[in-house]
Amino acid sequence: MNAREELDTLSRAKLFGGSNLKQYVFMSSAGVYLKSEEMPHLEQDPVDPNSRHKGKLDSEGCLQSLGLPWCSFHPTYICGPGSYNPVERYSLITLMRIDPFASRGTVNI
1 MNAREELDTL
11 SRAKLFGGSN
21 LKQYVFMSSA
31 GVYLKSEEMP
41 HLEQDPVDPN
51 SRHKGKLDSE
61 GCLQSLGLPW
71 CSFHPTYICG
81 PGSYNPVERY
91 SLITLMRIDP
101 FASRGTVNI
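Here the sequence shown is numbered in my numbering, starting from 1 and rising by one per residue.
The set of hints was computed from the structure by calculation and includes no laboratory data. Because the structure is a prediction, the values reported are computed rather than measured. A virtual CB, placed ideally from N, CA and C, is assigned to each residue, including glycine. One or more of the hints may lead you astray.
[Said to hold, decoys possible] In silico lysine to any residue, SDA-like type, Cα no more than 20 angstroms apart, as pairs:
# : residue 1 : residue 2
1 : Lys14     : Ser65
2 : Lys54     : Gln44
3 : Lys14     : Gly55
4 : Lys54     : Glu6
5 : Lys54     : Met27
6 : Lys22     : Cys71
7 : Lys14     : Gly67
8 : Lys54     : Cys71
[Claimed, not checked] For each label pair, taking beta carbons as the anchor points, the in silico distance ranges come out as:
#  : residue 1 : residue 2 : range
9  : Met39     : Leu15     : 30 to 40 angstroms
10 : Leu42     : Lys22     : 16 to 26 angstroms
11 : Met39     : Ser11     : 27 to 37 angstroms
Kindly produce the complete structure, drawing on both the sequences and the hints.
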């Protein structure tokens, strides 16, 4: 799932409360992290509370508080419809190679 603001995430995630949901996968952004010269970001890296992606960071906190099994991906580029940066193919190839990537939450896939 994807959302820009915590309220969007909350309304979607509540639909799965009490279900046998195996994993809620949230599309976040690498923009939640503080700028760093070292890449890739790691889950324990400091986050930027003033980021323009603050809603995504708040959404991750929301998912944690709901107690759902969840994880999030933090791509460094916008992907999907409306993207100004055609990197979907690169991202898919990277994921399919099972390269390490930053994620937050519980990963039980």
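Structure-based check of each hint:
With a C-alpha separation of about 12 angstroms, the suggested pairing of lysine 14 with serine 65 holds against the 20 angstroms cut-off. Of the pairs offered as hints, the one joining lysine 54 and glutamine 44 holds, with about 17 angstroms between alpha carbons and a cut-off of 20 angstroms not exceeded. Taken as a hint, the lysine 14 and glycine 55 pair is honoured in the structure, with Cα atoms around 17 angstroms apart against an allowance of 20 angstroms. Taking the CA atoms of lysine 54 and glutamate 6, the gap is near 9 angstroms; set against the 20 angstroms cutoff, the hint holds.
The straight-line distance between the Cα atoms of lysine 54 and methionine 27 is roughly 13 angstroms, inside the 20 angstroms bound, and the hint therefore holds. Restraint check for lysine 22 and cysteine 71: satisfied, since their Cα atoms lie roughly 11 angstroms apart, inside the 20 angstroms limit. A hinted pair counts as satisfied when its Cα atoms are at most 20 angstroms apart, and lysine 14 with glycine 67 qualifies at roughly 11 angstroms. Between the alpha carbons of lysine 54 and cysteine 71 the distance comes to roughly 17 angstroms, so the proposed pair stays at or under 20 angstroms and holds.
Checked against the hint of 30 to 40 angstroms, the C-beta distance between methionine 39 and leucine 15 comes to roughly 35 angstroms, which is consistent with it. At roughly 25 angstroms, the beta-carbon separation of leucine 42 and lysine 22 lies within the given 16 to 26 angstroms, and the hint holds. Between methionine 39 and serine 11 the C-beta distance comes to about 33 angstroms, which sits within the given range of 27 to 37 angstroms.
Hint violations for this structure: none, all hints satisfied.
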